[in-house]
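Colleague: Take the sequences, apply the hints, and build the full model.
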Amino acid sequence: MNLFRLAIKNVLRSRQRSAVTVSAMAFAGAIMIFYASLLEGWYVAMKQNAIGLEMGEMQVHAKGYRDDPDLYKLVTDEKRLVGVLRKKGLLAAPRLIGGGLAAAGSNSAGVMIRGIDLELEQQVTLLHRHVWHGQWLAGDDPAGVVIGRKLAKSLAVKVGDELVLVGQAADGSMANDLYRVRGILKSIGAATDSGGLIMSGAAFRQFMSLENGVHELVVKRISPALELTPLAQELRGRLDTLEVHTWQELQPVLARLFEMSNISLVIMLLITYAAVGILTLNAMLMSVFERIPEFGVMKALGVSGLNLFTLIVIETLILTTFAVTLSLVVGVPLSYHFSRVPLDFSWLLESSTTIAGIAFEPQWYCHLNSSSVILPTLFMYLVALIAIFYPAAKAALIRPVQAIHHH
Amino acid sequence: MTSQPIVKLEQVSKVFEQGKVSVRAVADFSLDISPGEFTVLSGPSGSGKTTILNMIGALDVPTSGRIFLEGRELATLGRGELSRLRRDRIGFVFQAYNLISVLTAFENAEFVLALQDVPVSERKEKVMAVLSEVGMADLAHRRPDELSGGQQQRIAIARAVAAEPAIVLADEPTANVDSAAADASLDLMQQLNRSKGVTFLFSTHDQRVMDRANRLVRLRDGRLEEDLR
Amino acid sequence: MRIHTMACRSLRRNLRRSLITAFSIGFGVFLAVTFTASGDYSYTNMIETSAVMGLGHVTLQPVGYNDSPSLSMELAEAEMFHRELTAIPGVEAARARIAGQAMFGAGAKSVGGAFMAIDPDQETPAYNLLTRSITQGALFDSDDERGVLVGERMAKKLKLRLGKKLIITVTDKNGEIASELTRVRGIFRTGEHSVDSSLVLLPLTMVRKLLRYGSDSATYVSVYLEDHRQATEMVNYLRTRWGQKDVEILPWQKTQGELAGLVAVDRLFNYLLQLLVGLVIAAGIMNTMLMSVLERKRELGIMMAIGMRPGQVVGLVLAESFWLAVVGLGIGVLITAPWFYYMAVYGIDFTSLMSDEYSAGGVVVEPVMKFRLYRESAAAIIGVVFTLTIAAGIYPAIRAGRIPPVDSIKEI
Numbered sequence: 001m002n003l004f005r006l007a008i009k010n011v012l013r014s015r016q017r018s019a020v021t022v023s024a025m026a027f028a029g030a031i032m033i034f035y036a037s038l039l040e041g042w043y044v045a046m047k048q049n050a051i052g053l054e055m056g057e058m059q060v061h062a063k064g065y066r067d068d069p070d071l072y073k074l075v076t077d078e079k080r081l082v083g084v085l086r087k088k089g090l091l092a093a094p095r096l097i098g099g100g101l102a103a104a105g106s107n108s109a110g111v112m113i114r115g116i117d118l119e120l121e122q123q124v125t126l127l128h129r130h131v132w133h134g135q136w137l138a139g140d141d142p143a144g145v146v147i148g149r150k151l152a153k154s155l156a157v158k159v160g161d162e163l164v165l166v167g168q169a170a171d172g173s174m175a176n177d178l179y180r181v182r183g184i185l186k187s188i189g190a191a192t193d194s195g196g197l198i199m200s201g202a203a204f205r206q207f208m209s210l211e212n213g214v215h216e217l218v219v220k221r222i223s224p225a226l227e228l229t230p231l232a233q234e235l236r237g238r239l240d241t242l243e244v245h246t247w248q249e250l251q252p253v254l255a256r257l258f259e260m261s262n263i264s265l266v267i268m269l270l271i272t273y274a275a276v277g278i279l280t281l282n283a284m285l286m287s288v289f290e291r292i293p294e295f296g297v298m299k300a301l302g303v304s305g306l307n308l309f310t311l312i313v314i315e316t317l318i319l320t321t322f323a324v325t326l327s328l329v330v331g332v333p334l335s336y337h338f339s340r341v342p343l344d345f346s347w348l349l350e351s352s353t354t355i356a357g358i359a360f361e362p363q364w365y366c367h368l369n370s371s372s373v374i375l376p377t378l379f380m381y382l383v384a385l386i387a388i389f390y391p392a393a394k395a396a397l398i399r400p401v402q403a404i405h406h407h
Numbered sequence: 001m002t003s004q005p006i007v008k009l010e011q012v013s014k015v016f017e018q019g020k021v022s023v024r025a026v027a028d029f030s031l032d033i034s035p036g037e038f039t040v041l042s043g044p045s046g047s048g049k050t051t052i053l054n055m056i057g058a059l060d061v062p063t064s065g066r067i068f069l070e071g072r073e074l075a076t077l078g079r080g081e082l083s084r085l086r087r088d089r090i091g092f093v094f095q096a097y098n099l100i101s102v103l104t105a106f107e108n109a110e111f112v113l114a115l116q117d118v119p120v121s122e123r124k125e126k127v128m129a130v131l132s133e134v135g136m137a138d139l140a141h142r143r144p145d146e147l148s149g150g151q152q153q154r155i156a157i158a159r160a161v162a163a164e165p166a167i168v169l170a171d172e173p174t175a176n177v178d179s180a181a182a183d184a185s186l187d188l189m190q191q192l193n194r195s196k197g198v199t200f201l202f203s204t205h206d207q208r209v210m211d212r213a214n215r216l217v218r219l220r221d222g223r224l225e226e227d228l229r
Numbered sequence: 001m002r003i004h005t006m007a008c009r010s011l012r013r014n015l016r017r018s019l020i021t022a023f024s025i026g027f028g029v030f031l032a033v034t035f036t037a038s039g040d041y042s043y044t045n046m047i048e049t050s051a052v053m054g055l056g057h058v059t060l061q062p063v064g065y066n067d068s069p070s071l072s073m074e075l076a077e078a079e080m081f082h083r084e085l086t087a088i089p090g091v092e093a094a095r096a097r098i099a100g101q102a103m104f105g106a107g108a109k110s111v112g113g114a115f116m117a118i119d120p121d122q123e124t125p126a127y128n129l130l131t132r133s134i135t136q137g138a139l140f141d142s143d144d145e146r147g148v149l150v151g152e153r154m155a156k157k158l159k160l161r162l163g164k165k166l167i168i169t170v171t172d173k174n175g176e177i178a179s180e181l182t183r184v185r186g187i188f189r190t191g192e193h194s195v196d197s198s199l200v201l202l203p204l205t206m207v208r209k210l211l212r213y214g215s216d217s218a219t220y221v222s223v224y225l226e227d228h229r230q231a232t233e234m235v236n237y238l239r240t241r242w243g244q245k246d247v248e249i250l251p252w253q254k255t256q257g258e259l260a261g262l263v264a265v266d267r268l269f270n271y272l273l274q275l276l277v278g279l280v281i282a283a284g285i286m287n288t289m290l291m292s293v294l295e296r297k298r299e300l301g302i303m304m305a306i307g308m309r310p311g312q313v314v315g316l317v318l319a320e321s322f323w324l325a326v327v328g329l330g331i332g333v334l335i336t337a338p339w340f341y342y343m344a345v346y347g348i349d350f351t352s353l354m355s356d357e358y359s360a361g362g363v364v365v366e367p368v369m370k371f372r373l374y375r376e377s378a379a380a381i382i383g384v385v386f387t388l389t390i391a392a393g394i395y396p397a398i399r400a401g402r403i404p405p406v407d408s409i410k411e412i
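Protein chains in written order, with the numbering used here: chain C, 1 to 407; chain V, 1 to 229; chain Z, 1 to 412.
By construction, these hints were calculated from the structure, which means they are not laboratory data.
The beta carbon of each residue, even a glycine, is placed where N, CA and C say it ideally should be.
Please note that the accuracy of each hint is not assured.
[As the list claims (entries may be wrong)] Computed spacing ranges between beta-carbons, pair by pair:
#, chain 1, residue 1, chain 2, residue 2, range
1, C, R399, Z, L268, 53 to 59 Å
2, V, G149, Z, R12, 20 to 26 Å
3, Z, G347, C, S223, 40 to 46 Å
4, C, R399, V, S195, 47 to 53 Å
5, C, N369, Z, L272, 27 to 33 Å
6, Z, I394, C, N369, 34 to 40 Å
7, Z, R146, C, S223, 34 to 40 Å
8, C, E211, Z, E48, 38 to 44 Å
9, C, M174, Z, R146, 27 to 33 Å
Modeller: Structure follows, in structure tokens:
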């Protein structure tokens, strides 16, 4: 007897029951896929905001700069260095950094001034995409600066307002110049929000009277497949006058935070798995246990216990396959949709903010990857098979007469 | 003295469409049933007796013709009114007893009265009376699966008559029980008919049931063959 | 009608699947309590921490100050408000404070930052995170007009130690530059970087003179309530009381908008995740109920044949959902109670894992997971359990109501 054909017949014969079981499982599976991709999206966004927004994956400084930042601790051959890193598969952007005081009207605040390379910076970080009001820097507007959003509030300035910047230049003179707020950034991180001021590298050099060298190189891998830690190790050996730090070394707290978030995401995922597991278990138990009398009839007609067991397994696999297919058909497009159009919570939050120093955007994107599809699928098969094992074995072992009167 | 018939069928026909074939189960059938009758519809399988019972019980509708229950034409009644009619005026004794499995014997017998919202104390009195009449008072607290076929049959009869319906419809009441139990339940129904004047309408091809009828209606191919009083 | 008896017995007859389904409801309750209670705890915690960082649960401030804060704005009758507020029921404490931007110089270095001026006689650690977080030295006393407290990071930047000089430079009420020499009396560490690196605590009387404020003036009066959830209510009351005065009265949601937004978003995220799990559980309930209806097609048909109305059949199935929810809730309470008790009393401390501070929306969050369940949250969970369970029963119930009353008297 062809068990597979019989199984299909059985599934189709109790169409209503099969449809109920399949749709419940499919619904749960679709939610599981959606949920997994939501959590993945959260993690990806957090990582991108923490690393990709401003810090970069790696930073290069002159020796001692990180311990005591100083206008004179410079990386001098930055052009060559960018080329060297490029050959290693790394993109790098030079930055100039200095302190100063910004004043507007009767308000003033201390600021960290950064001069950036407009072209290279865009390749490495996403700062230019995080303008809240106004515009990002432009080469033809050297007096235009972009500032952090809390700084804008404490100076009470809007886009277009003037700003006086005072600082100590590299030659020891008093630097003093007038700038215009060209843009106000969204949340970038705690420090930049409350004291960050960004201008073009050329403008910085002019303001600070600094002709050569940079203070920082931010680095990003071209391909995420590249291993960061050994690369940093190698660079450290070659560039002995410089300091090379990976993002984990720059922000150990953040690195730990990611580990913890990862754990909590796994827990959240396990929770949905448990809920889906219970549903699948119950659905499958019902679909087998309640047909034990029917199986008794089949045994009475001469179907062997082993054949019956196999039949039930095949039926389960057929039902689960229907359910999984349906859940993919619903869950994947749903997740895909929300990976393009985010869930938007901005109506609750007047602007972006920071959590643990990381920029937080009130838009939640799904991130669909292979594991948010494959794992739920495998899981449903697994639970379904575990669930039916006991009732199927029971059906296989029970005597026909008992089975027929079984409830 | 002419009393109004409880059930009146006028030229009732029923055609079942099965794919391209149409089967005429009942053809131009007319019948009056008066209060107190103990009527048996008999005939071979497929002669249309169950269909007639279904239509009288408002479970099925005729293709043509009219059916009246206590003067009300069934076709004019809505779904809710039909529910109420079945609840208040018709008792059913099904072939497979069809007790409600989660309710005890007492609660099954009480079911229709409960649906009618009869006060609890009155309900209890009535049900206990009926149960002792069918000889089941001692087993009132048992569930259907703790009762024998014959005992379940008695509970089913108790449920059918507890609310004092105008007519009790019983489909093949002897088909699923052994002959002793069958005799006992027939005795019971006959006794209820005689002492309380409950009107019964049976469908059967069991000779023992026919023997007890005070009116025997024979059917063949959905048509009235003879009507013996 | 014995609808409830029948419903309960039907559930008991299929004990295994009823229990599995009820267990899944209980599991949902467990999760909902876990997520909601840890949220309620940490939101309360963040709101309280934020309040003691300066602005309180309710803030009285000059009109327009919230949108564009400036030292040129003063709340003239601050001390009067302060005195009267303390007598209002529901108010635990009130504090008059001056806050603004300043430059801080020591030796050759100077940095920009913010200051908060406080009256050392009014302030208590309970309502001031900064005086609570002193790691070295102590709060200046009321006759010490030149004492200051600085944040740890600023102290490091300016190489300050106890007893060292610090020059404060501000623009006064009239827009003129004013400076004052002070001495460091203490150093604090809150854990929030921006606070520790830019905030200085100054004596109120000195700052009043420096800014040329009146002797009863302040920038704002912070009000601390017994329960932060009463903020809006209190604001309404205070507005009617002082509607005539030139003062703006705002709840924390307005003065600490970022935190309020963050709490709202986080709560919504949290609810969304809970809802998704809830939907899975609801699908399971619907599956069970549908199966149970399909199986009882005949029995339900018989009930209708003997006179039960379709509406009553719908009610019967809904009653089953209802009792499933009751049992599920019971199981949920049983499995949640010990866990809840433990988490409410002890909690889980992640300090060792974090080793450094964690902040959100500019507020330090202690790395402890603890539970606290607002009464309204508990009511919401119970409400959602019943709503979802009964909603999941609606379709099966309607299906049951549509079952034809056995189309034949004969066995089908």
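Colleague: Would you mind marking each hint as holding or not holding in the structure?
Modeller: Now for the hints, and whether the structure bears them out:
1. C:R399 to Z:L268: 53 to 59 Å: At 57 Å between Cβs, range holds.
2. V:G149 to Z:R12: 20 to 26 Å: holds, 25 Å
3. Z:G347 to C:S223: 40 to 46 Å: holds, 43 Å
4. C:R399 to V:S195: 47 to 53 Å: holds, 48 Å
5. C:N369 to Z:L272: 27 to 33 Å: With Cβ atoms ~20 Å apart, the hint is violated.
6. Z:I394 to C:N369: 34 to 40 Å: holds, 36 Å
7. Z:R146 to C:S223: 34 to 40 Å: violated, 59 Å
8. C:E211 to Z:E48: 38 to 44 Å: violated, 52 Å
9. C:M174 to Z:R146: 27 to 33 Å: Given a distance of about 29 Å, which is inside 27 to 33 Å, the answer is holds.
Hint compliance for this structure: hints 5, 7, 8 are not met, and every other hint is.
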